[in-house]
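The whole structure should be built from the sequences, with the hints applied where relevant.
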Amino acid sequence: EPEVTQTPSHQVTQMGQEVILRCVPISNHLYFYWYRQILGQKVEFLVSFYNNEISEKSEIFDDQFSVERPDGSNFTLKIRSTKLEDSAMYFCASSEASGKYFGPGTRLTVT
Amino acid sequence: TQLLEQSPQFLSIQEGENLTVYCNSSSVFSSLQWYRQEPGEGPVLLVTVVTGGEVKKLKRLTFQFGDARKDSSLHITAAQPGDTGLYLCAGVEGYGGSQGNLIFGKGTKLSVKP
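Chains S and Z, in that order, give the protein sequences.
Here the first sequence stands for residues 1 to 111, numbered as in the numbering used here.
Here the second sequence stands for residues 1 to 114, numbered as in the numbering used here.
Keep in mind that the hints were calculated from the coordinates and are not lab data.
None of these values were measured; they are calculated from a predicted model.
Watch out, some of these pointers could steer you wrong.
Some chain Z residues near chain S, calculated using beta-carbon distances under 10 Å [said to hold, decoys possible]:
{"hint": "1", "residue": "Glu-17"}
{"hint": "2", "residue": "Ala-90"}
{"hint": "3", "residue": "Glu-93"}
{"hint": "4", "residue": "Phe-104"}
Okay, the calculated beta carbon distance ranges per label pair [claimed, not checked]:
{"hint": "5", "chain 1": "Z", "residue 1": "Thr-62", "chain 2": "S", "residue 2": "Glu-68", "range": "18 to 26 Å"}
{"hint": "6", "chain 1": "Z", "residue 1": "Glu-5", "chain 2": "S", "residue 2": "His-10", "range": "43 to 51 Å"}
{"hint": "7", "chain 1": "Z", "residue 1": "Val-28", "chain 2": "S", "residue 2": "Glu-53", "range": "26 to 34 Å"}
{"hint": "8", "chain 1": "Z", "residue 1": "Thr-62", "chain 2": "S", "residue 2": "Thr-13", "range": "40 to 48 Å"}
{"hint": "9", "chain 1": "S", "residue 1": "Asn-74", "chain 2": "Z", "residue 2": "Ala-78", "range": "37 to 45 Å"}
{"hint": "10", "chain 1": "S", "residue 1": "Val-12", "chain 2": "Z", "residue 2": "Lys-109", "range": "21 to 29 Å"}
{"hint": "11", "chain 1": "S", "residue 1": "Leu-84", "chain 2": "Z", "residue 2": "Asn-24", "range": "27 to 35 Å"}
{"hint": "12", "chain 1": "S", "residue 1": "Leu-84", "chain 2": "Z", "residue 2": "Asp-67", "range": "42 to 50 Å"}
{"hint": "13", "chain 1": "S", "residue 1": "Glu-68", "chain 2": "Z", "residue 2": "Ser-27", "range": "26 to 34 Å"}
{"hint": "14", "chain 1": "S", "residue 1": "Gly-16", "chain 2": "Z", "residue 2": "Gly-16", "range": "47 to 55 Å"}
{"hint": "15", "chain 1": "Z", "residue 1": "Thr-62", "chain 2": "S", "residue 2": "Gln-14", "range": "47 to 55 Å"}
Quick reminder that beta carbons are idealized off the backbone N, C-alpha and C, glycines included.
Below, the structure written as structure tokens:
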């Protein structure tokens, strides 16, 4: 069964460093998303992407964040200058018609 | 801001018991989805309900969407230890069908003891 994959599974970085989280959505899906989940809290929407552009973003998705689909398969989330409060699980998701399929997540730890 | 409240937050029951998890909001959603999340993994979609009053069954799981599309419930019959996990409801914002962004509840952590 097709699935969303994410790399790395765990990323440790120092405050102020840039990180790029990578996702490979399901191949025939057209809608892509990033969500995050701070430990013990709700899963929160960050951004949605369709037709090679951002379709919607939340208040969390400020100028430090950017997304890109550099080729036909990858979907990346970049955080330019990480803060301690960016530590969370970051989930990529993709969808076609019904429901969203989530990847296993990248655990980002900012020290 | 749309919010989804789930209850109970924690539920510990014996194998064979029935249970119901509730998801409530003051807002109307175009559709509502239920997910199950295991520790360290992403949410896995169980069902999408779209029409007010809709009932969907998935083996021993029964999902209902409220008539006003503001609330939903998940009922599990004869719970088994394999049902243990975190159950999340998520409302779909806007009118984009299932493509809208998801507003998640905090989840119900279910533990089924053998």
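Hints versus structure:
Annotation: interface hint on Z/Glu-17 violated; nearest CB of chain S at approximately 27 Å, more than 10 Å. Because the closest C-beta pair between Z/Ala-90 and chain S is about 8 Å apart, less than 10 Å, the hint holds. Below 10 Å, beta-carbon pairs count as interface contacts, and Z/Glu-93 has one with chain S at about 8 Å; its hint therefore holds. The beta carbon of Z/Phe-104 comes within 4 Å of a beta carbon in chain S, closer than 10 Å, and the hint placing it at the interface holds.
The beta-carbon spacing between Z/Thr-62 and S/Glu-68, approximately 42 Å, falls outside the hinted interval of 18 to 26 Å. One distance hint, 43 to 51 Å for the beta-carbon pair Z/Glu-5 and S/His-10, is violated here, with the actual separation near 32 Å. Our hint of 26 to 34 Å for Z/Val-28 and S/Glu-53 holds, since their Cβ atoms are close to 28 Å apart. Roughly 44 Å separates the CB atoms of Z/Thr-62 and S/Thr-13, a value that falls within the hinted 40 to 48 Å.
One distance hint, 37 to 45 Å for the beta-carbon pair S/Asn-74 and Z/Ala-78, holds here, with the actual separation near 44 Å. As the Cβ distance of S/Val-12 to Z/Lys-109 is approximately 27 Å, the hint placing it in 21 to 29 Å holds. Checked against the hint of 27 to 35 Å, the C-beta distance between S/Leu-84 and Z/Asn-24 comes to roughly 33 Å, which is consistent with it. In this structure the hint that S/Leu-84 and Z/Asp-67 lie 42 to 50 Å apart at CB holds, the actual value being about 45 Å.
The given range of 26 to 34 Å is respected by S/Glu-68 and Z/Ser-27, whose C-beta atoms sit roughly 32 Å from each other. Between S/Gly-16 and Z/Gly-16 the beta carbons are some 54 Å apart, a value that agrees with the proposed interval 47 to 55 Å. Between Z/Thr-62 and S/Gln-14 the CB atoms are about 49 Å apart, so this pair conforms to the stated range of 47 to 55 Å.
Consistency with the previously given hints fails for numbers 1, 5 and 6, ordered from lowest to highest.
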